[in-house]
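Student: Sequence:
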Amino acid sequence: MNIDAFLKLVVTPALVATGVGAIVAPLAFFVGQALQPIVHSFCFFHFDDRFIMASLDGSGSKERLVNGLDMKRWGRLGLGEKLFVRHGFMKAMAGFFVGLPGLLAFIPILGPIIVALVGGWAVAWDMMYVPLSCMGYHGVNAQSKTVRDNFRRYYWFGFWAVLVEEIPIVGPTCHVFNVYRAAAFLESVYLSNDSSKIVGETKKQL
Numbered sequence: 002m003n004i005d006a007f008l009k010l011v012v013t014p015a016l017v018a019t020g021v022g023a024i025v026a027p028l029a030f031f032v033g034q035a036l037q038p039i040v041h042s043f044c045f046f047h048f049d050d051r052f053i054m055a056s057l058d059g060s061g062s063k064e065r066l067v068n069g070l071d072m073k074r075w076g077r078l079g080l081g082e083k084l085f086v087r088h089g090f091m092k093a094m095a096g097f098f099v100g101l102p103g104l105l106a107f108i109p110i111l112g113p114i115i116v117a118l119v120g121g122w123a124v125a126w127d128m129m130y131v132p133l134s135c136m137g138y139h140g141v142n143a144q145s146k147t148v149r150d151n152f153r154r155y156y157w158f159g160f161w162a163v164l165v166e167e168i169p170i171v172g173p174t175c176h177v178f179n180v181y182r183a184a185a186f187l188e189s190v191y192l193s194n195d196s197s198k199i200v201g202e203t204k205k206q207l
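Under the numbering used here, the residues of the sequence shown are numbered 2 to 207, in order.
Quick caveat, the hints were computed from the structure, so don't treat them as lab data. Every residue, glycine too, gets a C-beta built ideally from N, C-alpha and C. Careful: at least some of the hints might be erroneous.
Listed below are the simulated BS3-like cross-link pairs for lysine-lysine, each with C-alpha atoms no more than 27 angstroms apart in a straight line [to be verified]: (1) 146 with 83; (2) 146 with 92; (3) 73 with 83; (4) 146 with 73.
Taking CB as the label site, the calculated pair distances span [to be verified]: (5) 141 with 161: 21 to 29 angstroms; (6) 59 with 101: 22 to 30 angstroms; (7) 107 with 80: 38 to 46 angstroms; (8) 108 with 77: 40 to 48 angstroms; (9) 145 with 84: 27 to 35 angstroms.
Using the sequences provided together with the hints, build the complete structure.
Tutor: Now the structure itself:
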């Protein structure tokens with residue numbers, strides 16, 4: 002093999018591959034970081050639901066919600082709702098609203114903020130789905146109404162939750178903390194002074 006053939010067959014493709022890799026690698030890194038919140042949601046889906054319920058129980062938020070909303074009992078998630086709505090529709094919805102703006106994550110600083118602004122509310126709703134169902138908001142229709150009524154609170158809770166989870170290395174730790182503070186979020190939203198409408202709605206559904 003002469004030198005020209007060697008350059009064409011070996012060196013040139015290697016240089017092209019190196020150049021492509023130099024361009025693609027940073028993009029893959031930034032997009033990967035932007036998608037961390039939904040990756041955590043999928044990887045920890047069983048842990049998240051159990052941990053938020055344990056947090057509600059351990060902090061006393063569950064008892065205060067039951068008494069404050071005048072609930073007869075703390076409900077349960079049905080098997081069909083758990084399989085098809087909780088782990089089907091909700092994960093797909095949250096993944097869509099995080100994944101779509103995730104294409105812009107390569108933009109320094111602004112990219113992750115766009116992801117949090119667009120998809121934060123969906124991640125927050127996904128995180129709250131099980132306790133909301135136990136509070137009487139079964140299914141997407143019932144939950145979408147209460148999320149819409151309290152959209153500003155869900156939006157900003159989700160924004161900060163997604164933003165901190167996009168931080169490299171510490172993202173998983175931030176995810177666990179977000180799930181833990183979800184208990185306090187539910188209590189602050191549904192036991193606030195202007196929750197009379199929500200109390201009445203919850204009674205009808207139980």
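Student: All the hints need checking, so say for each whether the structure fits it.
Tutor: Against the structure, the hints come out as follows:
Annotation: proposed proximity of residue 146 to residue 83 holds, straight-line Cα distance about 19 angstroms (limit 27 angstroms). Note on residue 146 and residue 92: the hinted pairing holds, with a Cα-Cα distance of about 18 angstroms set against a maximum of 27 angstroms. This hinted pair checks out: residue 73 and residue 83 have alpha carbons roughly 22 angstroms apart, not beyond 27 angstroms. With a C-alpha separation of about 22 angstroms, the suggested pairing of residue 146 with residue 73 holds against the 27 angstroms cut-off.
Evaluation of the 21 to 29 angstroms hint for residue 141 and residue 161 yields a pass: the beta carbon distance comes to about 24 angstroms. A beta carbon spacing of about 36 angstroms between residue 59 and residue 101 contradicts the range 22 to 30 angstroms that was offered as a hint. In this structure, residue 107 and residue 80 meet the distance hint of 38 to 46 angstroms, their C-beta atoms being roughly 41 angstroms apart. The given range of 40 to 48 angstroms is respected by residue 108 and residue 77, whose C-beta atoms sit roughly 44 angstroms from each other.
At about 19 angstroms, the CB distance of residue 145 to residue 84 disagrees with the hint of 27 to 35 angstroms.
Hint violations for this structure: numbers 6, 9, all remaining hints satisfied.
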